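Listed below are the residues making up each chain.
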Amino acid sequence: MYYRIVDKLFEHSTRLLALSVLILLGALFVVLFQEAKPAIDAFGLHFIVESKWAPNMDIFGGWPAIYGSIVSTIIAMLIATPVAIGIAIFLSELAPPWVAAVVGSAIELLAAIPSIIYGMWGLFYLAPILRDIWGGNGLGLATAGFVLSIMILPFMAAITRDAMKTTPDILKESAYGMGATRWEVLKDVVIPYVKSGIIGSIILALGRAIGETMAVTFVMGNVHKIPQTIFAPATSIPVTLANEFTEADSDLYYSSLFYLALILLVISFTVIAAAKFIFLRKIEEARA
Amino acid sequence: MNRQNRRILMNKVVMTLSSLAALAGLAFLFWILGVLLYKGFGALHWDIFTVDMAPPGREPSGLRNALVGQLLLVVGASVIGVPVGVLAGTYLSEYGGRHGKLARLIRDISDIMMSAPSIVIGAFVYAIMVAPMGHFSGWAGIVALAIMMLPIVLRTTDDMLQLVPGSLREAAIALGAPKYKVIMQVVYRGAKVGMLTGILLSIARIAGETAPLLFTSFSNNFYSTDLNHPIASLTVTMFNYATSPFEDWIDLGWAAALILTLFVLGSNILGRYIIRTKKGK
Chain A
1 MYYRIVDKLF EHSTRLLALS VLILLGALFV VLFQEAKPAI DAFGLHFIVE SKWAPNMDIF
61 GGWPAIYGSI VSTIIAMLIA TPVAIGIAIF LSELAPPWVA AVVGSAIELL AAIPSIIYGM
121 WGLFYLAPIL RDIWGGNGLG LATAGFVLSI MILPFMAAIT RDAMKTTPDI LKESAYGMGA
181 TRWEVLKDVV IPYVKSGIIG SIILALGRAI GETMAVTFVM GNVHKIPQTI FAPATSIPVT
241 LANEFTEADS DLYYSSLFYL ALILLVISFT VIAAAKFIFL RKIEEARA
Chain B
1 MNRQNRRILM NKVVMTLSSL AALAGLAFLF WILGVLLYKG FGALHWDIFT VDMAPPGREP
61 SGLRNALVGQ LLLVVGASVI GVPVGVLAGT YLSEYGGRHG KLARLIRDIS DIMMSAPSIV
121 IGAFVYAIMV APMGHFSGWA GIVALAIMML PIVLRTTDDM LQLVPGSLRE AAIALGAPKY
181 KVIMQVVYRG AKVGMLTGIL LSIARIAGET APLLFTSFSN NFYSTDLNHP IASLTVTMFN
241 YATSPFEDWI DLGWAAALIL TLFVLGSNIL GRYIIRTKKG K
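In the order they appear, the protein sequences are chains A and B. Heads up: the first sequence runs through residues 1 to 288, numbered per the numbering used here. Heads up: the second sequence runs through residues 1 to 281, numbered per the numbering used here.
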């Protein structure tokens, strides 16, 4: 009898704690929506396309921040994707096993470095160099995109390599046996086989990049305008939150920041869910 | 040029480009690591561990309060996040099953939570804890970090428990053991090493988070262990110091960055080492 009660108790408490993940995610959406409600009532969906952000006049528009998030992420992806795929090819097909092991571990370790370090490097080392090249103060979407690309590079390279590794050796060996070169094996066997895995990895990295705060806060410049060029100071959703959250002095200001946070959550949720459900499902099933 | 040569040339071109990409990517990453080591070790001195933060220009100045605060936050988050994550992961693996509907849903949702923007978690905790309480607090920081930690611990526990062979469970059940005893005394023991590694890696992961702490635990210039009040952390201090115009503060920021990175990388290397020695057996 005693064991039966404890047994049930154990099962139900583990179930409850497992459900807490679902409750948390639900609460996340509900709370952000509630806090954003005044701004949603005041500006509606027009908030998304309004580009004026004037706290002193209680006018808030999210477009500069949304624009900044999107553009800096696109820049980051344009730089990081080819390099990450290059690294993955190098690691899975080219490098001798010991080099692949050493470099592979190094890349996985670099993926663990806190993102704020990338931000500090960007501010003190990259920005001055870019300033000399492009003029201005070296802060802006291009700098932020560049720092982001370096930050997601290890993560992206590691998961792309893992995806490539799922190609059965026998397929590659068959192609080599018919006299294919390495590039032909890659192009006609490996990449078609792991295509959805690679796309999924790239989108997953995109999801990380768009929500990243610390790597870009230092180098964005925090200016609430649509910049004339990508070399001019701008802002993004996480940067706005990080810089202005503790300064919000009116209710509408505070609520507009939550509106931005909600938009960011919806974007990243959609992106990550798409990566997972559309592209990565197959790999997971292959692994299980 | 005949077809044969063109194929070989094409192959060489692509392979060279990939190698160059790998080289360039690694060069940047090692540049960052090199900068960190150079600036960090240059700024490191004994005062950092024994003296609290001081106004710019004043000597001696250190990071003792931030180190202590960071430790409290990370330990606090682990005390909440690890048991909750382990038990929730136990449900997924032992009760929910590999293909159970609810278990799969929870797995998917935690994977998404793992990549959720950390600053949004910070804003969430601000709304549910800081705003009602009226002030920033160490507890709010702990809750924010624990929320980040939960899905990571949950997924690694789930994965590690599933690696324990079913025959071990069946043997214990055949001896008449109730399920919770099977789990605690057989399954957990079988998965001990993997679970420990997962926990270690999740601690390393949250230790480097800044964004969720910016408006939860905030910062504090003084030594404090009171979790009801704002508390200093290494990461927020790095953010404040690196964006300040003061040379000595910036140097301290690099020292904090080095200490944090050494901790994070050390935990990662230790985790890998444990897994590897286990596999070797």
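Simulated from the structure, these hints should not be mistaken for laboratory data. Being a predicted model, the structure only gives us computed values, none of them experimental. Any given hint could be a false lead.
[Said to hold, decoys possible] Short derived list, chain B residues pointing at chain A, Cβ under 8 Å: (1) Arg7; (2) Leu36; (3) Tyr38; (4) Leu87; (5) Asp111; (6) Ala123; (7) Leu154; (8) Ile173; (9) Leu175; (10) Pro178; (11) Lys179; (12) Gly208; (13) Ile259.
Note that beta-carbon positions come from the ideal geometry of N, C-alpha and C, so glycine has one too.
task = Please write out, lowest number first, the hints stated earlier that are contradicted by the structure.
result = Of the numbered hints given earlier, those the structure breaks are 3, 8, 9, 13, listed in rising order.
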